[in-house]
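S.K.: With the hints as your guide, set chain B onto chain A.
Line order of the protein sequences matches chains A and B. Anchor point for the first sequence: position 169 equals 169 in the numbering used here, and the numbering is continuous, going up by one each time. So the number in the numbering used here is just where the residue sits in the second sequence, counting from 1, plus 1000.
Since the hints were derived computationally from the structure, they do not count as laboratory data. You can trust all of the hints, since none of them are fake.
Each computed SDA-like pair below joins lysine to any residue, with the alpha-carbon atoms no more than 25 Å apart: (1) A:Lys19 / B:Glu1261; (2) A:Lys139 / B:Met1015; (3) A:Lys304 / A:Ser315.
Source: prediction; values computed, not measured.
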Amino acid sequence: MSTELAVKTERLSRVYKAKKREIVALDRVDLEIPAGELFGLLGPNGAGKTTLIKILTTLLAPTGGRAWVAGVDVARNPWDVRRHINVVSGGESSGYGLLTVEENLWMFTQFYGIDGKTARTRIRELLEIVGLADRAKTKIYHLSTGMRQKMNFVRGFLTNPQILFLDEPTLGLDVQTSRTLRGFIKDWVGKRPGKTVLLTTHYMYEAEELCDRVAIIHDGRILACDTPGNLKRHLQREVVFRLRVTAIANPEELFQHLRGIQRFSHAEVNGHTELHFILEDENALPPILTAIQRSHGELISLEKREPTLEDVFISLVGRGLREGDGGAGATEGEPG
Amino acid sequence: MSSPTRWEIFWRTVMGRAYPRVVGMQRERSWLFFETLLPLLQVSAFVFVYRAIQAPPEFTGFVVLGGAMTAYWLNVLWSMAAQFYWEKETGNLELYIIAPTSLMAILLGMAIGGIVFSTVRALAVMTLGLLIFRVEVSIVSIPQLLGVFLLTLVALYGLGMLFSSLFLLYGRQASHLSNLLQEPVFLVSGFYFPVRALGSVVALGASVIPITLGLDAMRQLLFPTMMAQFHFLDVRIELGVLAVLSIGFLWLARRALSYMEDLSRREGRLTLRGQ
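Isolated chain A, as found in the complex (with noise of 0.2 Å):
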């Protein structure tokens, strides 16, 4: 494979064996991610973004197909491609706790055989950044949660990666300390051109803003692959509307039959319900008006937009993100 490629697969596929039966959680996933890139992998909970980071980092041996890291293939020669990568995961309770923040640092830059002198400047210029310098002599049990992460974070860049693989980095984290994480990537991947980062997440936004490419993966399989901006504009025949309305009983009976309707996902918000609409054209809403106040909704709010990277999808897989997975995109309360 070309060296320009940090990242490529073929078929790859991953199959877990349970008792009864199997489950396939790769399946014949192709990708390529040229050097430099910051490319996201967008889905749900379970669709497989995690096994194919396992993969790609060698700490998972793939069933089916191939894959290569840094021109490197990842099943035959995992000690090579570990010379090239490092990996963040979110909710990460890595390190000592008996050992300070920069101590935890500077044990995990020596398994990369980095010497005393490079870590100890490094660990000092990134904690600067992500703002955890002044916590770098406490001990790392007395961190909060956000710390803690930060200095995940810090530890995954520390050993200055080719390919940096970044699963879901700020799941589970406050809004301040997400927006500064996320900054602290653009930075990271600006400044040093040839870097490559792949980024699993869930959360729309978070994909829309950093990434150059994005790949939807849903049960197991990659089901578009493109820039934010290409992914949208496969959508702009359509029309997207958001109806906030009182809360509805069963939303995918009201409007199952109605015609014009792409799409459709709905949530409950705040004791109300979020209805989101990918609609052929804009006669097919005055039904849908109809149908609500048939069911005894009130209409609170209603809003046409251009589309989102949640809509393509939603086109996509037929439901929303946030759907089926505990709303876990919506706890930052960032626009969606």
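M.R.: Leaving out everything else, chain B in the frame of chain A:
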């Protein structure tokens, strides 16, 4: 900046992984009470049994030495063999695996940290035991004593590395192995009496646990008169067997780790928590 060589990564990993154990010891000093005075109580129980039956005073020495060496056996079982289970639960194991280092280096770092920790406990038990119970030793040969002690540790920690590969694959299920080995080994390795008392066949079988021959040889080198009638094998033979065990266990550990890591990757168990 040039890339570090495999050897540089190996030795830096050893130092890096030994660090938390050595530093952690100093940060939580409550262990000093639990790890020195409490083991001494156990030793005392055996000492008073021997005194009650008017056994020769050297038997007190046998018990104190055995009591000191328990520190290493417990450390090997619970902080070497079982450590990968805990590392998996905290997420550290993933970071060890994805780093361009060797798991043997990680284990060697753990072993060095563990030896420092256990040696403090062993020295405390030995010193307090010798002083409190007024045990007299007559050292036959310091170099031989040091050689036996070091080879026992190398072989013992090599065995611990071998066990740790099982934890890589089986996780918590493998802790039964540690439970299964802890007390029986105290018995068959002769921690509190000369192993020959169990008969040659049992002693020979128990010799696969390096501490069996290590204890027998160290007792011969510290209490030569009494051990003349209780020794199992000649010290030179025991040194030779310990050397073979050291090399054998380290070699097996390396092979087993590599095999188990590969198998765990195929079965998806490297990052499977709570198993």
